[in-house]
Amino acid sequence: AQSVTQPDIHITVSEGASLELRCNYSYGATPYLFWYVQSPGQGLQLLLKYFSGDTLVQGIKGFEAEFKRSQSSFNLRKPSVHWSDAAEYFCAVGGAAGNKLTFGGGTRVLVKP
Amino acid sequence: DTEVTQTPKHLVMGMTNKKSLKCEQHMGHRAMYWYKQKAKKPPELMFVYSYEKLSINESVPSRFSPECPNSSLLNLHLHALQPEDSALYLCASSLSGGADTDTQYFGPGTRLTVL
Chain A
1 AQSVTQPDIH ITVSEGASLE LRCNYSYGAT PYLFWYVQSP GQGLQLLLKY
51 FSGDTLVQGI KGFEAEFKRS QSSFNLRKPS VHWSDAAEYF CAVGGAAGNK
101 LTFGGGTRVL VKP
Chain B
114 DTEVTQTPKH LVMGMTNKKS LKCEQHMGHR AMYWYKQKAK KPPELMFVYS
164 YEKLSINESV PSRFSPECPN SSLLNLHLHA LQPEDSALYL CASSLSGGAD
214 TDTQYFGPGT RLTVL
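Listed in order, the protein sequences are those of chains A and B. The first sequence maps to residues 1 to 113 in this note's numbering. The second sequence maps to residues 114 to 228 in this note's numbering.
No wet-lab data here; the hints were simulated from the structure. Treat the numbers as computed from the prediction; the structure is a model and nothing was measured. Each residue gets a CB set at the ideal place from its N, CA and C atoms; glycine is no exception. Please note that the accuracy of each hint is not assured.
To be verified - Here are the simulated DSS-like pairs of lysine-lysine, each with C-alpha atoms no more than 25 Å apart in a straight line: (1) K135(B) / K166(B); (2) K131(B) / K49(A); (3) K100(A) / K131(B); (4) K122(B) / K112(A); (5) K132(B) / K49(A); (6) K149(B) / K112(A); (7) K112(A) / K153(B); (8) K154(B) / K166(B); (9) K61(A) / K153(B); (10) K112(A) / K68(A); (11) K100(A) / K153(B); (12) K100(A) / K151(B); (13) K122(B) / K149(B); (14) K61(A) / K154(B); (15) K132(B) / K68(A); (16) K153(B) / K166(B).
Unchecked claim - Chain A side only, calculated, beta carbon under 8 Å to chain B, not exhaustive: (17) T5; (18) P40; (19) G43; (20) L44; (21) L48; (22) R69; (23) R77; (24) N99; (25) G104.
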């Protein structure tokens, strides 16, 4: 069975500082990995995805993620956060029958001025 | 355009009411999904429709009844709900339901409150 762990429930970062969100997955085959962001009371917006190829993936809003098979990780990074980056971030793994996504528990990012 | 629309945005209903949630996409996607999301939790899959046929039901209680009238539209009919069903209901769509690499695009959700 596939699973996703996001070890950090909350992260607080100062505006302009760098951000890294951790994601570890468990999946028997080649994983299909996603990062979504959710602002309060809103739906999920896709930030980026990894299916194959280059292990460093660029996404929207200045985010990138690196797939490391040896560590079963897909960490999300941003070099300089903006106040508008305050949100909940979900890592997800797909690839199961029926295109089922398995989400991690989420990481809430707070941005200090 | 990767837009999925959902109506209504908010819904308050009593336990004896019947209501419906609506989801629409015009991206030519052939798979559509309903998720339930409680506060501070990740979304939980409820149903998947693939080519207008129900392909996955995650053991959802029968008081939730999905319907896919055509490839662009997905409804969730609600009847005799319980207060614990209060949540954000998210709709998503993807190009097809069979490909492992499909990317799901989410709507803004309907915030449901059951009194």
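Going down the list of hints, with the structure as the test:
About 17 Å separates the Cα atoms of K135(B) and K166(B), which keeps this hinted pair within 25 Å; it holds. A distance of roughly 38 Å separates the Cα atoms of K131(B) and K49(A); the hinted pair therefore is violated under the 25 Å criterion. The suggested pairing of K100(A) with K131(B) is violated, with an alpha-carbon distance near 29 Å, which exceeds 25 Å. In summary, the hint linking K122(B) to K112(A) is not supported, as the alpha carbons are separated by about 30 Å, beyond the 25 Å threshold.
Of the supplied pair hints, the one linking K132(B) and K49(A) is violated, its CA atoms being roughly 35 Å apart against a limit of 25 Å. The straight-line distance between the Cα atoms of K149(B) and K112(A) is roughly 31 Å, outside the 25 Å bound, and the hint therefore fails. Between the alpha carbons of K112(A) and K153(B) the distance comes to roughly 21 Å, so the proposed pair stays at or under 25 Å and holds. Under the criterion of a C-alpha separation no larger than 25 Å, the hint pairing K154(B) with K166(B) is inconsistent with the structure, at around 28 Å.
Using a Cα cut-off of 25 Å, the hinted pair K61(A) and K153(B) holds, with the two alpha carbons roughly 23 Å apart. Under the criterion of a C-alpha separation no larger than 25 Å, the hint pairing K112(A) with K68(A) is inconsistent with the structure, at around 30 Å. Our distance criterion of 25 Å between C-alpha atoms is met by K100(A) and K153(B), whose separation comes to about 21 Å. Taking the CA atoms of K100(A) and K151(B), the gap is near 19 Å; set against the 25 Å cutoff, the hint holds.
The suggested pairing of K122(B) with K149(B) holds, with an alpha-carbon distance near 14 Å, which does not exceed 25 Å. Of the supplied pair hints, the one linking K61(A) and K154(B) holds, its CA atoms being roughly 24 Å apart against a limit of 25 Å. Straight-line distance between C-alpha atoms of K132(B) and K68(A) comes to about 46 Å, which puts the hinted pair past the 25 Å bound. Between K153(B) and K166(B) the alpha-carbon distance is near 31 Å, which puts this suggested pair outside the 25 Å criterion.
A least Cβ separation of about 12 Å between T5(A) and chain B goes past the 8 Å threshold, and the interface hint is therefore violated. The beta carbon of P40(A) is not positioned within 8 Å of any beta carbon in chain B (closest approach about 10 Å), and the interface hint is therefore violated. Given hint, G43(A) at the interface with chain B, holds; its Cβ is 4 Å from that chain's nearest Cβ, closer than 8 Å. Look at L44(A): its Cβ gets to within about 4 Å of chain B, closer than 8 Å, so that hint holds up.
Given hint, L48(A) at the interface with chain B, is violated; its Cβ is 10 Å from that chain's nearest Cβ, farther than 8 Å. Because the closest C-beta pair between R69(A) and chain B is about 17 Å apart, greater than 8 Å, the hint is violated. For R77(A), the interface hint is violated, the least distance from its beta-carbon to any beta-carbon of chain B being 21 Å, above 8 Å. Of the supplied interface hints, the one on N99(A) holds, with its beta-carbon coming within about 5 Å of a beta-carbon of chain B, less than 8 Å.
The criterion of a C-beta within 8 Å of any C-beta in chain B is met by G104(A), whose closest approach is roughly 7 Å, and the hint holds.
When held up to the earlier numbered hints, the structure conflicts with 2, 3, 4, 5, 6, 8, 10, 15, 16, 17, 18, 21, 22 and 23 and fits the remainder.
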